[in-house]
Amino acid sequence: MMVMRPIKESDTEAFISLAFQQTTLGIRNLPKNKERLIKKIALSHQSFARKAEAPDHELYLFVMEDLSTNQLAGVSGIWIIDGKHKQEFFYRLDSIPSTCHWKEAPKDIKILTPVCPKESLTELGALFLHPSFHHQGLGPLLSLSRFLFAAAHPERFFQKIAADMRGAIHHFESAPFWDGLGRHFCDISYPELMTRLDLDPTVVPSLIPTHPIYVPLLPPDTQKSIGAIHESTAPAFKMLSREGFDLTNIIDLFDGGPRLVGKLDDLRTMAKSKTAPFGGIASAPISGETHLLSNERLDFRCCYGNIQLERNGSALLDKETADALKLHPGDTFRYLDISGHHHH
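For the sequence shown, our numbering gives the first residue as 45, with consecutive numbering after it.
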């Protein structure tokens, strides 16, 4: 049985080895840096412990645990960007009309403008599933469980929610976007850039131009990579699109990947999940559609399971599922039919 739960201090070693195992470049909110990972665990611990009436600058990290082996299979996060204090830098892709009326001139010219939006929002990221657990249909559990947590604790999150998709990176060693643009401002390779950013992300503003960049002047490879999505990120992109996220013209500074945004209450998981009181353990095996199930507590648990709805509105679960969710009779839990997600 796989269950999502908040990360704990005792997960530190397993979490660090998980973060260091991602061979892929470019998951910047899972740095290969022990001190920064340990800080993230501490911040997550404080965030779950806080009595929050409004979003501040919390970070909620969840790990997927295989209850039969206690092995950590993956991690995902959702956090608060407080626009007043936290600076995030991007390029904005704009089109400006050409003023030349000759037929040889383009109708409009694309430009990339460095921006630092000062907005407060909820952000998704730190999503990583250990390769030995791929192709087991665990994607929805890893990703959508965050929305069930937000549905149970809406006061902790901003309505605007963003997710940055990884851009095009070739064979773990080069990013055409960085090579054709960023390297003119700091001549280091993309892997070296990632290593240094893991050590010190505060250097970011000094790595980017202060003026807009004319896209037609960039190498064709680099132009193609603007807003492109890394092949391993395609399933996440599909899932978030289905949830109701839209593409924006905001682009990552280093790999050119796009930012998706949505509104928390309008996301499919938020709108379609329902709650029921837990009525106890079913006496016979439960069949039917697989659901994503979660408790409503800050000591959050989320797993796959089947439910048996009773006439009185309560719902029965099997013992393994109820135990995994730490439910007591009368507790409210949340459920979402994910049969459309083809997760098995």
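Please keep in mind that the hints were generated in silico from the structure rather than gathered at the bench.
In this text, a Cβ means the ideal position worked out from N, Cα and C, and glycines have one as well.
Just so you know, not all the hints are guaranteed correct.
Stated by the list, open to error - Taking lysine-lysine pairs in the BS3-like style, the calculated list, with each CA pair at most 25 Å apart, reads: (1) Lys162 to Lys130; (2) Lys282 to Lys307; (3) Lys318 to Lys307; (4) Lys316 to Lys268; (5) Lys52 to Lys128; (6) Lys52 to Lys76; (7) Lys83 to Lys151; (8) Lys78 to Lys95; (9) Lys162 to Lys151; (10) Lys128 to Lys307; (11) Lys76 to Lys204.
Said to hold, decoys possible - Derived CB-CB ranges, DEER-like: (12) Thr113 to Ile330: 21 to 29 Å; (13) Met45 to Pro279: 17 to 25 Å; (14) Arg136 to Met45: 29 to 37 Å; (15) His178 to Ile232: 50 to 58 Å; (16) Leu243 to Ile140: 18 to 26 Å.
To see whether the hints hold, each was checked on the structure:
1. Lys162 to Lys130: Holds: Lys162 and Lys130 sit about 8 Å apart, inside 25 Å.
2. Lys282 to Lys307: The hint holds at about 17 Å.
3. Lys318 to Lys307: The hint holds at about 18 Å.
4. Lys316 to Lys268: Outside the cut-off at roughly 37 Å; violated.
5. Lys52 to Lys128: Measuring from Cα to Cα gives roughly 29 Å; hence the hint is violated.
6. Lys52 to Lys76: Since the Cα atoms of Lys52 and Lys76 sit roughly 19 Å apart, the hinted pair holds (cutoff 25 Å).
7. Lys83 to Lys151: violated (50 Å)
8. Lys78 to Lys95: Measuring from Cα to Cα gives roughly 28 Å; hence the hint is violated.
9. Lys162 to Lys151: violated (32 Å)
10. Lys128 to Lys307: holds (20 Å)
11. Lys76 to Lys204: Violated: Lys76 and Lys204 sit about 29 Å apart, past 25 Å.
12. Thr113 to Ile330: 21 to 29 Å: holds (25 Å)
13. Met45 to Pro279: 17 to 25 Å: holds (23 Å)
14. Arg136 to Met45: 29 to 37 Å: Violated - the Cβ-Cβ distance for Arg136 and Met45, about 44 Å, lies outside 29 to 37 Å.
15. His178 to Ile232: 50 to 58 Å: violated (31 Å)
16. Leu243 to Ile140: 18 to 26 Å: violated (37 Å)
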